[in-house]
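Participant: In case you want the letters, here they are:
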Amino acid sequence: MKPGIGYRASPARGLLFAFFIALLTCAGIAHAQAIEPMSFTDHTQELRFQHLTHQLRCPMCQNETLADSNAPIARDLRNQIFKLMQQGKSDEEIKQYLVARYSNYILYDPPLKPGTVLLWFGPLAILLAGAGVVLVAIRKRRREGVDTKTVGDSADNGEDW
Amino acid sequence: MNRLLPFIGFMLLVGLFGFGIWWNTRHDPNAIPTPLLNKPAPAFNLPKLYEPTQTVSKADLLGQPYLLNVFASWCIECGVEHPVLTAAAPSLGVKLVGYNYKDAPADAKAWLAAHGSPYALLIADESGQTAIDFGVYGAPESFLVDAKGVIRFKHIGPITPDVLATKVKPAIAAMLKETP
Numbered sequence: 001m002k003p004g005i006g007y008r009a010s011p012a013r014g015l016l017f018a019f020f021i022a023l024l025t026c027a028g029i030a031h032a033q034a035i036e037p038m039s040f041t042d043h044t045q046e047l048r049f050q051h052l053t054h055q056l057r058c059p060m061c062q063n064e065t066l067a068d069s070n071a072p073i074a075r076d077l078r079n080q081i082f083k084l085m086q087q088g089k090s091d092e093e094i095k096q097y098l099v100a101r102y103s104n105y106i107l108y109d110p111p112l113k114p115g116t117v118l119l120w121f122g123p124l125a126i127l128l129a130g131a132g133v134v135l136v137a138i139r140k141r142r143r144e145g146v147d148t149k150t151v152g153d154s155a156d157n158g159e160d161w
Numbered sequence: 001m002n003r004l005l006p007f008i009g010f011m012l013l014v015g016l017f018g019f020g021i022w023w024n025t026r027h028d029p030n031a032i033p034t035p036l037l038n039k040p041a042p043a044f045n046l047p048k049l050y051e052p053t054q055t056v057s058k059a060d061l062l063g064q065p066y067l068l069n070v071f072a073s074w075c076i077e078c079g080v081e082h083p084v085l086t087a088a089a090p091s092l093g094v095k096l097v098g099y100n101y102k103d104a105p106a107d108a109k110a111w112l113a114a115h116g117s118p119y120a121l122l123i124a125d126e127s128g129q130t131a132i133d134f135g136v137y138g139a140p141e142s143f144l145v146d147a148k149g150v151i152r153f154k155h156i157g158p159i160t161p162d163v164l165a166t167k168v169k170p171a172i173a174a175m176l177k178e179t180p
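Read top to bottom, the protein sequences are chains A and B.
Our numbering applies: residue 1 is where the first sequence begins, and numbers increase by one.
Our numbering applies: residue 1 is where the second sequence begins, and numbers increase by one.
FYI, nobody ran anything at the bench for these hints, they're computed from the structure.
Quick reminder that beta carbons are idealized off the backbone N, C-alpha and C, glycines included.
Keep in mind that the hints are not guaranteed to be accurate.
[To be verified] Label pairs and their calculated CB-CB ranges:
hint: 1; chain 1: B; residue 1: Gln-64; chain 2: A; residue 2: Ala-129; range: 53 to 59 Å
hint: 2; chain 1: A; residue 1: Lys-89; chain 2: B; residue 2: Ala-31; range: 25 to 31 Å
hint: 3; chain 1: A; residue 1: His-54; chain 2: B; residue 2: Ser-91; range: 46 to 52 Å
hint: 4; chain 1: B; residue 1: Pro-83; chain 2: A; residue 2: Ala-129; range: 50 to 56 Å
[What the hints assert, rightly or not] Here are the simulated DSBU-like pairs of lysine-lysine, each with C-alpha atoms no more than 35 Å apart in a straight line:
hint: 5; chain 1: B; residue 1: Lys-39; chain 2: A; residue 2: Lys-83
hint: 6; chain 1: B; residue 1: Lys-48; chain 2: A; residue 2: Lys-83
hint: 7; chain 1: A; residue 1: Lys-95; chain 2: B; residue 2: Lys-58
hint: 8; chain 1: B; residue 1: Lys-167; chain 2: B; residue 2: Lys-177
hint: 9; chain 1: B; residue 1: Lys-167; chain 2: A; residue 2: Lys-113
hint: 10; chain 1: B; residue 1: Lys-48; chain 2: B; residue 2: Lys-95
hint: 11; chain 1: B; residue 1: Lys-58; chain 2: B; residue 2: Lys-169
hint: 12; chain 1: B; residue 1: Lys-58; chain 2: A; residue 2: Lys-113
hint: 13; chain 1: B; residue 1: Lys-109; chain 2: B; residue 2: Lys-148
hint: 14; chain 1: B; residue 1: Lys-148; chain 2: B; residue 2: Lys-177
hint: 15; chain 1: B; residue 1: Lys-148; chain 2: A; residue 2: Lys-113
hint: 16; chain 1: A; residue 1: Lys-95; chain 2: B; residue 2: Lys-148
hint: 17; chain 1: B; residue 1: Lys-58; chain 2: A; residue 2: Lys-89
hint: 18; chain 1: B; residue 1: Lys-169; chain 2: A; residue 2: Lys-113
hint: 19; chain 1: B; residue 1: Lys-39; chain 2: A; residue 2: Lys-89
hint: 20; chain 1: B; residue 1: Lys-169; chain 2: B; residue 2: Lys-39
hint: 21; chain 1: A; residue 1: Lys-83; chain 2: B; residue 2: Lys-58
hint: 22; chain 1: B; residue 1: Lys-148; chain 2: A; residue 2: Lys-83
hint: 23; chain 1: B; residue 1: Lys-48; chain 2: A; residue 2: Lys-89
hint: 24; chain 1: A; residue 1: Lys-95; chain 2: B; residue 2: Lys-167
hint: 25; chain 1: A; residue 1: Lys-95; chain 2: B; residue 2: Lys-39
hint: 26; chain 1: B; residue 1: Lys-148; chain 2: A; residue 2: Lys-89
hint: 27; chain 1: A; residue 1: Lys-95; chain 2: B; residue 2: Lys-48
hint: 28; chain 1: B; residue 1: Lys-39; chain 2: A; residue 2: Lys-113
hint: 29; chain 1: B; residue 1: Lys-109; chain 2: A; residue 2: Lys-83
Could you build the full structure based on these sequences and the hints that come with them?
Facilitator: Structure follows, in structure tokens:
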């Protein structure tokens, strides 16, 4: 390879680099737009606001929190939460306010109630069922007099399949 | 039996996966169930789109049922449901009220001038503040409110001919049968 080729390639590479830098800057701007200035009374209130909006789901884009989302409704709800905070409402009251309008979907942490029992304990039930299957299999093998050594040896001989 | 166990387990997973796919084609995963169903509609007081000095409140609309259709000129799917609503409005059996959501009045008027208005009444919520009380999070959304001001039905997304025939019209019929 002649060195000249390498040199000719570099401006393109520089352009590509500049392009990626530009992309990164755009991402920064896009992120900054989601956070509009709000006149918090103090830093504690700001932290409370951030904490609360991170626990709430944007109804429009359900994989984003209200804090992260750029959707118009997320912006409106952030403003509404801010307004309710200035009125002295507690976090719990604000959550109730939103649940009354947008249902439990707005909460990232769903409450434990009859409709969500499966959601809360389903994984545990599946885990227990799996453990049960394993236990039964082990006991059966033990009863059949298969010791662990031969199980290890016979695992790859394809007999079970 | 032991040899069949992994296969049965696999088929169970296939079944669960198939159910998930079927379930997602049957309902809109983005539609949030409204807690307001069969509850009184929130109180509102909004200006008319064409006469902003006059306002319309919930109390003004009591006494006769209406279909509140949340729409906006910026909303693409509203253009999809618009011809359906226009065709259905005369035979709907209830008043069709247009709820112009987060829209510049000039844009809304231009949009209605271009597409025609099926609405008997048009109210405007430019800030979207009142819409929060209704649990609105996008457009289009439609609420069926009865004569007593109770929300009887809600549809999220465009009213397609299919939605009109299988959901909206039966909901209206059920409501009218109950409260003639």
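Participant: Decide, hint by hint, whether the structure agrees.
Facilitator: Status of the hints after comparison with the structure:
1. B:Gln-64 / A:Ala-129: 53 to 59 Å: At 56 Å between Cβs, range holds.
2. A:Lys-89 / B:Ala-31: 25 to 31 Å: The hint (25 to 31 Å, Cβ to Cβ) holds, given that Lys-89 (chain A) and Ala-31 (chain B) are roughly 28 Å apart.
3. A:His-54 / B:Ser-91: 46 to 52 Å: holds, 48 Å
4. B:Pro-83 / A:Ala-129: 50 to 56 Å: This hint holds: roughly 52 Å between Cβ atoms.
5. B:Lys-39 / A:Lys-83: Holds: Lys-39 (chain B) and Lys-83 (chain A) sit about 25 Å apart, inside 35 Å.
6. B:Lys-48 / A:Lys-83: Roughly 26 Å between the alpha carbons, so the hint for Lys-48 (chain B) and Lys-83 (chain A) holds.
7. A:Lys-95 / B:Lys-58: holds, 25 Å
8. B:Lys-167 / B:Lys-177: holds, 16 Å
9. B:Lys-167 / A:Lys-113: holds, 29 Å
10. B:Lys-48 / B:Lys-95: OK: Lys-48 (chain B) and Lys-95 (chain B) at ~16 Å, within 35 Å.
11. B:Lys-58 / B:Lys-169: With a Cα-Cα distance of about 23 Å, the restraint between Lys-58 (chain B) and Lys-169 (chain B) holds, given a limit of 35 Å.
12. B:Lys-58 / A:Lys-113: Roughly 34 Å separates the two Cα atoms, so the pair holds.
13. B:Lys-109 / B:Lys-148: holds, 30 Å
14. B:Lys-148 / B:Lys-177: holds, 14 Å
15. B:Lys-148 / A:Lys-113: holds, 31 Å
16. A:Lys-95 / B:Lys-148: holds, 28 Å
17. B:Lys-58 / A:Lys-89: holds, 26 Å
18. B:Lys-169 / A:Lys-113: holds, 33 Å
19. B:Lys-39 / A:Lys-89: Holds, at about 24 Å.
20. B:Lys-169 / B:Lys-39: holds, 20 Å
21. A:Lys-83 / B:Lys-58: Distance of about 24 Å is within 35 Å: holds.
22. B:Lys-148 / A:Lys-83: holds, 31 Å
23. B:Lys-48 / A:Lys-89: holds, 32 Å
24. A:Lys-95 / B:Lys-167: Given that 35 Å is the threshold and the Cα spacing comes to 31 Å, the pair holds.
25. A:Lys-95 / B:Lys-39: Satisfied, since the Cα-Cα distance of roughly 19 Å is no more than 35 Å.
26. B:Lys-148 / A:Lys-89: holds, 31 Å
27. A:Lys-95 / B:Lys-48: Since the Cα atoms of Lys-95 (chain A) and Lys-48 (chain B) sit roughly 32 Å apart, the hinted pair holds (cutoff 35 Å).
28. B:Lys-39 / A:Lys-113: Cα-Cα ~21 Å, so holds.
29. B:Lys-109 / A:Lys-83: holds, 31 Å
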